[in-house]
Amino acid sequence: MTGGPGAPTRAEIMVFAASREVRDGDCVFVGVGLPNLAVQLALRLHAPRCHLIYESGVFGARPVRLPISIGDPCLVSGAAQVLPMAETFLYFLQGGRTDLGFLGAAQIDRYGNLNTTVVGRGYDHPKVRLPGAGGAPDIALNARRTVVIARQDRRKFVERLDFRTTVGWAEGGTSREAMGAPGGGPTRVITDLGVYGFDAETREMTLASVHPGATLEQVREATGWDLKVSSSLGATEAPDQAMLRLLREELDPDRIYLKG
Amino acid sequence: MTGGPGAPTRAEIMVFAASREVRDGDCVFVGVGLPNLAVQLALRLHAPRCHLIYESGVFGARPVRLPISIGDPCLVSGAAQVLPMAETFLYFLQGGRTDLGFLGAAQIDRYGNLNTTVVGRGYDHPKVRLPGAGGAPDIALNARRTVVIARQDRRKFVERLDFRTTVGWAEGGTSREAMGAPGGGPTRVITDLGVYGFDAETREMTLASVHPGATLEQVREATGWDLKVSSSLGATEAPDQAMLRLLREELDPDRIYLKG
Amino acid sequence: MRDAVSRFVRDGDTVVLEGFTHLIPFAAGQEIIRQRRRDLALVRLTPDLLMDQMVAAGTARKLVFGWLGNPGVGSLHAVRRAVERGYPGPLEIEEYSHFGLLCRYKAAASGLPFFPLRGYRGTDLPRVNPHLKQVTCPFTGETLDAVSALHPDVAIVNAQRADAHGNTQIWGLVGAQREAAFAARRVIVVVEEVVPEDVVRADPNRTQIPSVVVDAVVEEPWSAHPSFVQGYYDRDNAAYLAWDRITRDPAELERYLDEWVHGLPDRTAYLARLGEATRDRLRPGPRLAGPVDYGDYR
Amino acid sequence: MRDAVSRFVRDGDTVVLEGFTHLIPFAAGQEIIRQRRRDLALVRLTPDLLMDQMVAAGTARKLVFGWLGNPGVGSLHAVRRAVERGYPGPLEIEEYSHFGLLCRYKAAASGLPFFPLRGYRGTDLPRVNPHLKQVTCPFTGETLDAVSALHPDVAIVNAQRADAHGNTQIWGLVGAQREAAFAARRVIVVVEEVVPEDVVRADPNRTQIPSVVVDAVVEEPWSAHPSFVQGYYDRDNAAYLAWDRITRDPAELERYLDEWVHGLPDRTAYLARLGEATRDRLRPGPRLAGPVDYGDYR
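Chains as they are written, first to last, in my numbering: chain A, 1437 to 1696; chain B, 1437 to 1696; chain C, 19 to 316; chain D, 19 to 316.
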């Protein structure tokens, strides 16, 4: 399945892996881009009754084109409900009605804490000013499960964040619980190299599978700390031809999100 | 103007006096019954641009019949806005957008504090169980001005309330301010015998005018404390024939609220 | 309706029945009476005739409310008898202002343990209700009032229409239905009409309650009678006035419950008994909202 | 528009320009640039291209925000230059999550000095922002996050339509417009169409903002371009993509402002320059909401 013209790209493997995190019936807080593709794929495959929630205020979206932002008008036309943004956060997220949230990050540490604020240690004079928090801190705190999707390299997978925008498992162990965080914490990290879980006790990120075409060595090279690896490390399941056709021909025909 | 078949009744004088409390442009939190008639009258006479707000969630109502409750469907059809009830309280009332609120009471004391909860001192085993708070405590606390409309007798105008449901000027003087009440406090009490203001310093209820047909002696008789009387005590202005025609023929033709 | 009440309303539950003057869940309340549920804590901003019936029928251990009356008419005699004289049995009460009780729903719907407001200071209400406390603003140091969250076991709300999944649309007074539904563990929606999904999805801003919080959708026309449904029927004022008379005498109230609730199998029988003439009298003329365009974005 | 901005927006003001991806007040923001307002504190959940323009044009002393980017495209280069290098001048920033900033509007709209939420614990945000503190629940003893109220001097919001009094209707994403309007001291509403009062009053549940909080109603079609208006026009993605290119070079950005803002007297000239073909490309096909009946109650 790897190699040949029909072989899945790493972006496609990421989207497929992310789609497997969606369970049927889930209320999913969807971000734009890869998470949106992942949820669309899940809807067509194994989770036809999952509900798409966008922080812009949309519940039960049925977009007939690929949305370009989380507020695209195609998410509204034909949706089940549009709410004021505040109520989307208050009732769906903080009210405990969200099963799954997807997040991205510029930096992530071994406990799944995220930085999307600044690169460089000086907050007031950052080397790079990133977009900031958006919906992420609240999604990470309140959703039952969160999945982080990010391309992986050493500048992104860091020993220490320059700024903690969004809490994951905090300092690991029971530290997240101790701060009274209501949601369930990060359950998966999906990159272009592999899929990670978190140790049930230490809450440290643990490599669960490596994508077809990538090696454990590449993964370690792209990680800024001494990476824990699962004793049952396997290869990430890749999408089959039917799924690829769905992704390429129906969901993102213009390759807007599947460039890489 | 008093006497003769066209003479105003005491209920009509009350409604007219209440209508004079509405200023043009006011946002008025309207209760049903006499306050509603008063506001309708004000709209037709001197306050064509006042806005009717009902705690049921209606802003800018234009009822084409006499509403039977604060949630009558005739208040919705043709209104400028319908809001969730919570937002009506949060934004219009607590947010400081309400100029005037009307209240009723089963008991009132000299500082304009109100009881609509129980008659008899035992809360758990009351002699009479009254309706309770409704919207009153919040209106009294947050509106810029409040006007109390009540028929007057000694059991209603009491030295001491059996229960304080709604705060007026608290214990008088600066005690209301001291508790951090944002609204302006009660400005008028209108009964079937007279109209009252509140002393600018002591905040004690003070008789400002006696209705045509009633006497100061009657008023004192119907008051359970030693009543303060304004040095400039006058007669309450009565509605003229045109206003009476409006009230009787257009606003309450079935005499639903103007029975008395 | 029978199935929904039987499955989702249990003895001892805390049950919110909302709808502010509009869309009062009479059919659901009467089904609860018919199924002889007991020891319920009934919660409603304005108890109205419905709670008078449910208290008289012995379903309630406790009444949680904001304003207790027959709106525009007078007292709720059955509730008053229970509170004043413990007749026919004791009834615990817990009272708020409308806004205070609303804020309890709002806190629960929002996953907050409390909600801050300006509402109770200077009154005797906190003296008789442990759910009213105060909280200090961490920025200004100011003291505000606060209510605790109320998480009902069940919320029952009426609406004009829903799709089969429970996406529920209301126009006219929306009251506290959305907050109550999001606050509750189980939700029953009772509608005048179940409509195709496309009807709801053609106007998503009208949806008050999303399918995902709804456990049962019951289609039951006229289920809010004698209250009203905007655009469908008017309040039956004659019934509100008659209630005042009926309930002054406990024996007559018993007869009413026997004839109109226990003696009838369901709402269809109630409507037949109510008669077509009454329904004709209550139907308003049309007053249509203009359509708006959401746009077809491809 | 010229009069509304001239009368209601003053140097040094805190100005909220809301609209989440939808109904972004571009025409109003560009008029503020044209009138050379200075030292504004600009507040917006998602600064977007509009704030990039306003910062580049030197109107802003401070930016208050939740997420800083060109949605679906990339960075806001002008804002980044200001924050990273103080170019062309210093820019103070104050940042929140979307929910946190929303709660600041909500507190102010509700007359509360703070709003409780679950949002910041375990992050570095409170370290750099004094408006993020904690509050203790008086019932459970639990510690919650809290934000202070934000009372802007001015809120500018776009909408599909309003009547001449300012009763304003929005469908599609309603964002934070209602909260921002109730929170503000002065409100400017910019609409695609001013409609007769009867159109608004035929559907009062659609009204987001009531006349009583509105100081000026400006009718200006296409005033949200290059963002979108549900049912009227789509987002102009080409413009969002072009912005990324234009703003990489400060000189080119200057030229843009000269040509498209300072060099044009008003929005009519902007639309003429934009051209009919672009507008045709952005118009969606129709997708109508069905009408509902409010009933004629007499």
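FYI, nobody ran anything at the bench for these hints, they're computed from the structure.
Computed from a predicted structure; not experimentally measured.
No residue lacks a Cβ here, since even glycine has one placed at the ideal position from N, Cα and C.
You may find that some hints are simply not true.
As the list claims (entries may be wrong) - Residues from chain C that face chain B, not an exhaustive set, calculated with beta carbons under 7 Å: (1) E102; (2) P106; (3) F117; (4) G140; (5) P144; (6) P148; (7) L259; (8) D262; (9) I264; (10) R266; (11) A287.
Tested hints:
1. E102: For C/E102, the interface hint holds, since the closest Cβ of chain B sits about 5 Å away, which is under 7 Å.
2. P106: Nearest chain B Cβ about 16 Å off; hint violated.
3. F117: holds, 4 Å
4. G140: holds, 3 Å
5. P144: violated, 11 Å
6. P148: violated, 14 Å
7. L259: violated, 10 Å
8. D262: violated, 14 Å
9. I264: violated, 19 Å
10. R266: Constraint on C/R266 not satisfied, violated at 15 Å.
11. A287: violated, 27 Å
Checked against the numbered hints above, the structure violates hints 2, 5, 6, 7, 8, 9, 10 and 11; every other hint is satisfied.
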